[in-house]
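A.B. asks: Starting from the known structure of chain A, fit chain B onto it as the hints suggest.
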Amino acid sequence: MKGLKIIVLAKQVPDTRNVGKDAMKADGTVNRAALPAIFNPEDLNALEQALRIKDKYPGTTITVLTMGPGRAAEIIREAMYRGADDGYLLTDRKFAGSDTLATSYSISLAIRKLSPFDIVIAGRQAIDGDTAQVGPQVAEKLGLPQITYAEDILSVKKGVITVKRRLERGVETVAAPMPVVITVHSSAPECRARHAKYTIKYKHARSLSELQDTSEDYLQLQKDRPYLLIREWGIDDIDADLEQLGLSGSPTKVKKIENVVFTSRESKVLSAADGDIEYLMKELIDNHTIG
Amino acid sequence: MANYYTDNKDLKFHLGHPLMKKIVQLKELDFIEKDSCDYAFLDFEDAMDSYDKILEIVGDICGNIISPNAESVDAEGPTLLNNEVKYARGTQENHEALTRAGLIGMSLPRKYGGLNFPMVPYVMAAEIVSRADAGFANIWGLQDCAETLHEFASEEIKDEFLPRFNKGATAAMDLTEPDAGSDLQAVQLKATYDEQKDSWILNGVKRFITNGDADISLVLARSEDGTSDGRGLSLFVYDKKDKALTVRRIENKLGIKGSPTCELVFKNAPAKLIGNRKFGLIKYVMSLMNSARLGVAAQSVGISEAAYREALKYAEERTQFGKAIINFPGVYEMLRNMEVRIKAQRSLLYETARFVDIYKNLNFLSEERKLEPEERNEQKKYQRLADVFTPLLKLIASEYSNEIAYDSLQVHGGAGFMKDFPIERIYRDARITSIYEGTSQLQVVAAIRGVTSGTYLGYIRETYQKETFSSELEHLKPVLTSMTDEYEECVRIVTEADNNELMDFHARRLVEMAGNIIMCYLLLRDSKRDESYLQSALIFIGKSKAQNIERANYIRNFKLKDLSSFKFSH
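These protein sequences, in sequence, are chains A and B.
Start counting the first sequence at 108; every next residue gets the next number (my numbering).
Start counting the second sequence at 618; every next residue gets the next number (my numbering).
In isolation and in its complexed conformation, chain A is listed as follows:
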């Protein structure tokens, strides 16, 4: 089989896994400065699935598509270090304030521009919003079949993809025609480490905005090596309708944000005496922890 064309959707997110006490500002918004920006973990799982297809079918190309501020070019480089071929960054002030509907609108337009393709693959959800909506919405807008909660791509044959899904009560194997949109669950294999050669090759990859104020020599390097360009697309590049973007295109309104402090309940101290053990067993059975 000849190679496939895969588009990986990825998002740069604040690392909410190690939240300290300065993670939120007084006004209830996320203090991005206090949280390092990382590659959304499940998007890395998605990238790994794409890379495995590329390992198997060497002609495959992987394009990373992300939306965010200029510094989100970093995750495109991260993907390139692992084997992605190129990347596009949707970046425009007019995207600001987009909810999932407006985001999926913009992304689906960008994907159309990148047609034809065989697979669009993304993480199930991002750790900053945890909505799990963008992937499915993109599929709907593109009118494509979608497979969510994917854990393993079992085969890609004759235009049909077979995928194992991780569900709450077990696994399910489904097949769908391509092109298809897939969202990947965190139980899928972790993404591989960076590759030494790709890291050296792509560490100079830059978007045009990152290239401002760099030396002549460096610009020449970019000219000599076109693969180093991370393309930036604004709203004009994807022919977007302003009404459907940013705040105006976002029906979701945040009413209130509260700081919730978890307070642990008082702990119980039990001895190793028979009476205490019996008591604990009874309680664990009663609250269905065991049994």
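Hints may contain errors.
Unchecked claim - Just some of the chain A residues that point at chain B, by a computed CB distance under 8 angstroms:
hint, residue
1, ALA300
2, ARG301
3, HIS302
4, ALA303
5, LYS304
6, LYS308
7, LYS310
Just so you know, these hints were derived from the structure itself, not from any lab.
Computed from a predicted model, the values in this text were never measured in an experiment.
Even for Gly, the Cβ is constructed at its ideal location relative to N, Cα and C.
C.D. replies: Just chain B, lined up with the frame of chain A:
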């Protein structure tokens, strides 16, 4: 996400040594490959940044895959299945992760799929892997064999074998036999030339072979019928694809249990001659052993780092008598001494790696073009230094790693004796370092040449002692100068006795005295570049001074006739 490179500032510090400029220049030769290869470096800064980024990948894989696997690899170990070695699950996973990241064959030229890494960052990678799992470090570290092929094999053999390393081929060096351990001149495995097949054929047994069932094996064999010494031995390369080797057994070892140690039987095994006949032991294996010794030194430093970190963590968490045990002098002294010895041996490790880098790259350069007289002098100088620093380093690093592992276990108390903490494994893993690739006693035999020839003394006097320091450090120099005088006096006492056995008897003492002085200077130089090393330098100088005085007193008071009371004459 643990990263064993970025969490250890010492490494980046040593990577940034000023001599790297020269090393990179020799290795990249005006960056001639930058337009023909998309992963060649553009310039010096780009090279340094690339080493840094690649070591970060090594640190990532070590912290997140190899180290978490270490316990299960130790418990499971390799198994023998139909006379073939099957790695433990974790070992396979480690090897796949490193292969997939392009980290095998790192030091090979790019035309063979390598990264053209100099020794310094390559040795650093070895140190990091060893910290994660010393046993696995052997399997990864045997890519050294690629270097031997690169240095001495024909173009044809190089083209056949070298590109396989980067794709994940494993390697072994088959030297030891039941009756040829430290004394490799006694190797018996027979190599005969088969005229009909136009090929060398190997027959015989090898023992204690690390990773013996590797894809590519370098085999030391007797090619010259009727000889019995080292000059009758040649080096061959055997390809596993030929299926003429069986693994008779895998040894059950004290430590580094994840690394398969094999007994091998070669039966009519076809093999290719590396370089020239009769040069096997005297030239190629000597060179191979030198890089393997550097590898064991890196492994020792990695083990020390792992042991120290375990001890530090435990001592901070464990409370007794109402406070963390790290607050008791008996414990904090041990911990600080571990830390300082690690800094000292690491400094010696990278100093030696730099010497090796310079002379080896000048060797390669001399094949391309005639060296300038100045370059030839440098080649000789650094080769001589590498020759005496390598055994000194291997001796000191491996002994330190044992001491540090011992102390770390001691800090853990009874808990350390149980299988519940990693130190129990680390302690067992450390034990081999002062034995294989030449025991400590044999390192002394090699290093004593640096004492008797005056190479150590010359370098101390001519280079280290001549360096200028800030006033804060300058006042330490008289201490080191008097230590050097004392060492010189001891060498004279032993030399003037004109008795070989007495020299051998005191050899270790003399070598260790020189080692102490060298490491004192190295730490002083490190303090010059980064003042945070000063505390370690002060502690190490204090300790070394006392140790050298003790050794000197013993030598001064020792009479030749005292030797007889040590002997077991039958």
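A.B. asks: Tell me, in ascending order, the numbers of any earlier hints that this structure violates.
C.D. replies: none
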